[in-house]
Amino acid sequence: GAGVSQTPSNKVTEKGKYVELRCDPISGHTALYWYRQSLGQGPEFLIYFQGTGAADDSGLPNDRFFAVRPEGSVSTLKIQRTERGDSAVYLCASSLHPRDSLGYGYTFGSGTRLTVV
Amino acid sequence: GENVEQHPSTLSVQEGDSAVIKCTYSDSASNYFPWYKQELGKRPQLIIDIRSNVGEKKDQRIAVTLNKTAKHFSLHITETQPEDSAVYFCAASTRGADGLTFGKGTHLIIQP
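Chains as they are written, first to last, in our numbering: chain A, 1 to 117; chain B, 1 to 112.
Be aware that one or more of the hints could be misleading.
[Stated by the list, open to error] In silico DSS-like cross-links for lysine-lysine, where the CA-CA straight-line distance does not exceed 30 Å:
hint : chain 1 : residue 1 : chain 2 : residue 2
1    : A       : LYS78     : B       : LYS42
2    : A       : LYS15     : B       : LYS104
3    : B       : LYS57     : A       : LYS78
4    : B       : LYS22     : A       : LYS17
5    : B       : LYS57     : B       : LYS104
6    : B       : LYS58     : B       : LYS22
7    : B       : LYS57     : A       : LYS11
8    : B       : LYS42     : A       : LYS15
[Unchecked claim] So the derived list for chain B, only partly shown, Cβ under 8 Å to chain A, looks like this:
hint : residue
9    : ARG61
10   : PHE89
11   : THR101
Since the hints were made in silico from the structure, they are not lab data. By construction, the Cβ of each residue, glycine as well, lies at the ideal position given by its N, Cα and C atoms.
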């Protein structure tokens, strides 16, 4: 597609429920990132995929958070037993292979606003 | 890990004046420093970036400077316009680490 697409744009869920957030990156972008942005803060790194594998998941806050990218394109961020503190905008970004190339620049999606009540 | 500090948190300037936002980083291995602009309710958008082998980069009214010795980098916007009003984030990335560490943002307000 033309840009990074995230669905849903808004999600309200009850505390304790399970949620899935979807990211469809720019076609051909092998690198995919998930970030979380709380109100008034900068984005916080969660996880990075290179192709199908999670190359760096050091930003996931705990084992309730998990992400997959089974075919190297669409990714799903999964949150189990949601808590009110999980409320934030979850941003996905993609780029061409980042590490040793010039293509470091990300393109962010519009995000999913998650509200846990 | 990396820590990025950003100042000021809010900056108000008269239209046509210049604006400067400053960031410091802690990890001397950081080698990539992008700046993002985020308008209310919208996605962050990359506006300029600089790599550690360069001291300054310009793109029209926007420039970024990097001082590796002092571990700080700055965003300069000249001839500010109302559409420059937004939150600006600096970030840093270390070779071998793939995520960006962001500052807390600067809310830039352009007064007409």
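Hints, one by one, checked against the model:
For the suggested pair LYS78 (chain A) and LYS42 (chain B), the alpha carbons sit about 23 Å apart, so the restraint of at most 30 Å is met. Pair hint LYS15 (chain A) plus LYS104 (chain B) holds up; C-alpha atoms about 27 Å apart against a cutoff of 30 Å. Restraint check for LYS57 (chain B) and LYS78 (chain A): the C-alpha separation of about 39 Å exceeds 30 Å, so the hint is violated. Proximity of LYS22 (chain B) to LYS17 (chain A) is assessed by CA-CA distance (about 41 Å); at most 30 Å being required, the pair is judged violated.
For the hint pairing LYS57 (chain B) with LYS104 (chain B), the CA-to-CA distance comes to about 23 Å; that is within 30 Å, so the pair holds. As the CA atoms of LYS58 (chain B) and LYS22 (chain B) are separated by approximately 16 Å, the hinted pair is consistent with the 30 Å bound. The hinted pair formed by LYS57 (chain B) and LYS11 (chain A) fails the criterion: a straight-line CA distance of about 40 Å is larger than 30 Å. The straight-line distance between the Cα atoms of LYS42 (chain B) and LYS15 (chain A) is roughly 26 Å, inside the 30 Å bound, and the hint therefore holds.
Hint status for ARG61 (chain B) relative to chain A: violated, with the closest Cβ pair at about 19 Å, above 8 Å. The restraint placing PHE89 (chain B) at the interface with chain A holds, with a minimum CB-CB distance near 5 Å, inside the 8 Å limit. Here the hint on THR101 (chain B) is kept, as its CB sits about 7 Å from the closest CB of chain A, short of 8 Å.
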